Amino acid sequence: MDLTLKVWRQENRKAKGRFETYSLKNISPDSSFLEMLDVLNEQLVNGNNEPVVFDHDCREGICGTCSLFINGRAHGPDEDITTCQLHMRKFKDGDTIVIEPWRAGGFPVIKDLMVDRSAFDQILQAGGFISVNTGSARDGNNILIPKHKADESMDAAACIGCGACVATCKNSSAMLFLASKVSHLALLPQGRPEAVRRAKAMVAKMDELGFGSCTNTGACEVECPKGISVAHIARLNREFLIANLKP
Amino acid sequence: MKLNAKIPSGPLAEKWSLYKSTQNLVNPANKRKFDIIVVGTGLAGASAAASLGELGFKVKNFCYQDSPRRAHSIAAQGGINAAKNYQNDGDSVYRLFYDTIKGGDYRAREGNVYRLAEVSNQIIDQCVGQGVPFARDYGGYLDNRSFGGALVSRTFYARGQTGQQLLLGAYGALNRQIAAGNVTMYTRTEMMDVVLVDGVARGIVTRNLETGALESHFGHAVVLATGGYANVFFLSTNAMGSNTSAIWKAYKKGALFANPAFVQIHPTCIPVHGESQSKLTLMSESLRNDGRIWVPKAKEDAEKIRAGKLKPTDLPEGKRDYYLERRYPAFGNLVPRDVASRAAKERCDAGYGVGSGQAVYLDCKDSIKRLGKNLIEERYGNLFQMYEKIVDENPYVTPMMIYPAAHYTMGGLWVDYELMTTIPGLFTIGEANFSDHGANRLGASALMQGLADGYFVLPFTIQNYLAGQLSVPRMDPAKQPEFNETLEASREWNAKLMGIKGSRTVDSIHKELGQVMWDHVGMGRNKDGLEEGFSKIRQVKDLFWNDVRIPGKADGMNVELEKANRVADFLEMGELLAKDALHREESCGGHFREEHQMSDGEAKRDDENFKYVGAWEYKGPGKEPELNKEPLDYEFIQVKTRNYKE
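Protein sequences, first through last, are from chains A and B.
Numbering-wise, our numbering puts 23 at position 23 of the first sequence, and it's gapless, one number per residue.
Convert by adding 247 to the 1-based position in the second sequence; the result is the number in our numbering.
Hints were generated in silico from the structure; no laboratory data involved.
Being a predicted model, the structure only gives us computed values, none of them experimental.
Ideal Cβ placement from N, Cα and C applies to all residues, glycine included.
Treat the hints with care, as some may be off.
Okay, derived cross-link-like pairs now, DSS-like style, lysine-lysine, Cα gap no bigger than 30 Å in a straight line [stated by the list, open to error]:
id : chain 1 : residue 1 : chain 2 : residue 2
1  : B       : K800      : A       : K16
2  : B       : K558      : A       : K90
3  : B       : K748      : A       : K6
4  : A       : K92       : B       : K556
5  : A       : K25       : B       : K876
6  : A       : K92       : B       : K758
7  : A       : K25       : B       : K758
8  : A       : K147      : B       : K616
9  : B       : K743      : A       : K149
10 : A       : K147      : B       : K620
11 : B       : K876      : B       : K851
12 : B       : K748      : A       : K16
13 : B       : K500      : B       : K743
Partial chain B-side listing against chain A, Cβ under 7 Å, derived [unchecked claim]:
id : residue
14 : S298
15 : R317
16 : I321
17 : A322
18 : K526
With the sequences and hints as input, model every part of the structure.
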């Protein structure tokens with residue numbers, strides 16, 4: 001298939017960006033979206049131009065490295081996938097595809113389509129863990145966890161930290177990201193001792209880093225490649241409320 | 248070089264306890280006087296950095312990704328082994344040890360493997376403590392599944408995302424230490440070289456991938472946890488950025504490289520679709536619990552299926568060849584990976600393949616009928632979804648197509664029992680070392696080894712080394728000539744690459760290398776093929792150094808330069824891989840020499856001549872590396888021919 005691409009190019013963090021238009025021919029519908037970008041980059045380098053920079057690594061939808069706003073949608077026009085799992089058969093011959101980086105105050109553009117998501121690491125460093133030193137845990141079966149709780153916790157823990165929720169939210173809120181971690185740990189008995197402190201510290205860090213507030217539009221849930229539910233935001237709010245009621 | 252593995256004496260089951268109770272330790276007040284560099288943030292790197300931070304050491308942790316959470320351990324699907332025997336099905340530390348040694352085709356050390364099996368149980372406890380949401384049964388107890396090469400169910404899992412959950416656990420522990428100030432994290436940073444001072448590892452030179460700046464970092468010890476080198480095949484299940492550069496640079500500084508030819512080709516990957524293919528996707532081995540592997544019994548049927556004239560679902564039961572069940576009745580579809588991969592290749596080469604001809608079926612229909620679609624979806628939902636997105640076929644209805652792909656590398660830097668390389672102060676953990684899997688790794692054992700090394704082995708053994716380093720002060724790299732020299736060498740290396748200004752892209756050359764490796768140094772190897780492969784690798788290497796094109800500059804973000812650096816090392820690594828494969832005149836585990844097989848096509852090992860670890864020593868540019876042998880003595884088990892038939 002033949003395609004026209006409009007791709008965001010930006011030299012560095014400070015430079016002003018612009019869209020560049022490229023045409024591509026003979027793209028296999030079986031190739032992935034990122035393989036299509038590989039072909040573009042081959043073409044660019046062969047013409048002695050700098051390739052388009054984009055984040056990617058595992059290319060199987062789990063590392064959370066790839067991003068991209070494709071035709072106005074985070075991770076493009078398919079459900080429950082990351083950009084690397086998007087295949088060209090979702091497009092038609094002759095299509096024009098607009099490719100932009102995540103756009104959010106918390107995710108500054110580094111170059112072209114690559115953004116800085118280190119704010120996510122900082123939010124988790126504020127308390128997104130259970131404080132257990134290596135070697136001090138007791139036998140795994142001494143902590144019984146009802147299956148439905150373990151399953152629900154796993155639903156939340158499936159977050160890959162890609163940032164699609166933030167990029168999609170009109171407020172650039174990181175609430176779904178936060179909620180997935182708070183919920184994953186709060187649902188487990190091991191996570192309860194620090195639940196209050198965790199919710200408080202992580203929300204404070206999110207606010208500090210310039211992410212917006214949640215206005216319950218639910219857009220994040222729609223674009224989450226792992227289908228993480230906004231119900232987890234409700235749990236986060238509950239944990240946060242309890243945290244603020246306790247001295 | 249005389250290789251001393253430093254295996255403690257004493258009975259097998261007591262070696263590790265004896266070691267721990269008599270080794271040197273560093274007292275708490277002195278720990279903060281030590282800087283430790285850890286390169287890599289996968290299961291091994293993150294768990295080591297976090298554990299060392301908890302102990303009070305000052306840790307500097309590096310990764311090329313934008314966040315430590317993205318290391319490729321995250322993609323491991325199926326599970327992690329441990330000898331808990333929660334299923335009461337006869338498991339024990341000894342059995343896990345024995346299965347691992349046997350699965351590795353008797354090319355691993357008894358002492359190391361026993362220790363691995365011994366600490367496996369602590370790993371599960373640790374991970375549960377961190378909040379890893381392992382699968383549970385209705386009583387709330389931990390659930391298990393079975394994996395290849397074992398007769399018990401000892402694999403713990405978190406849906407098809409076990410690696411992700413374990414890594415997020417280790418990443419949580421790491422985050423806690425970063426927040427506490429014990430670990431300093433450097434992301435988007437690639438290691439360029441190891442710095443030696445008086446023959447001892449004292450630091451690394453790195454390149455900041457955003458700014459292109461080269462920097463030096465000091466450490467009293469350096470730990471490499473940078474994973475395997477399967478991307479030498481270009482197409483593999485590894486992440487795009489996975490590379491051999493850190494361990495390769497260490498090799499060129501004097502660390503021995505052991506068993507590079509031991510590469511695992513994983514049997515269940517989604518087949519290649521075409522020329523623009525950039526990587527291969529694994530379908531977890533756990534699917535072999537509930538999936539049966541088959542091809543048509545008759546070549547005509549295989550031809551019809553390939554031509555699209557016959558649907559696999561329309562082929563009656565009697566016309567299907569469940570070749571693993573036929574050849575290996577005792578283990579059936581759960582034979583070890585090397586055996587399953589070769590059997591698939593054998594059928595496809597003989598003309599029975601489906602799809603493009605390079606594929607076999609993995610069929611879950613019987614399990615769906617027996618257990619219901621819901622249960623299968625619960626177990627493998629994410630895998631089925633992934634398959635459907637890639638292949639555009641519904642695997643609940645049509646059997647999946649799979650084919651082997653390069654996946655894991657058992658070889659790596661040679662380390663002793665303390666996980667130290669032949670360079671004092673340089674440690675290597677996880678897939679980057681060679682130590683525990685012999686010639687073939689069993690499923691769900693990579694996660695086990697990565698976390699065993701990082702949580703429970705290295706944090707002890709490194710202290711035995713550091714206890715002797717108390718008199719070494721923190722060095723200022725700017726004032727130390729060795730750091731400046733290494734940094735200058737890295738700068739020149741980059742300049743040399745940038746200066747080629749040829750006409751070929753890095754990827755196009757990497758693909759050529761990968762094709763040569765797959766064709767000549769892949770699943771079936773023979774003398775002529777390897778020799779031809781060896782000379783072809785040299786041709787590709789010449790092509791690279793004469794004609795690669797890297798646009799842009801070295802002192803800024805330059806993804807083509809990053810790739811070129813990695814491919815330059817893969818080209819050298821590929822040569823050593825072929826050399827090792829050529830020298831090892833036997834078939835064992837993942838290394839199959841066609842000249843050495845039984846009359847029924849099974850691997851023929853040669854214990855008399857090759858029961859050793861082959862560790863290669865770099866002798867300088869253009870010189871032949873030297874082979875050093877570490878004999879493998881089996882004191883506690885009887886070495887047998889692997890048999891998965893009865």
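For each hint given before, does the structure comply? Return the numbers of the non-compliant ones in rising order. 5, 9
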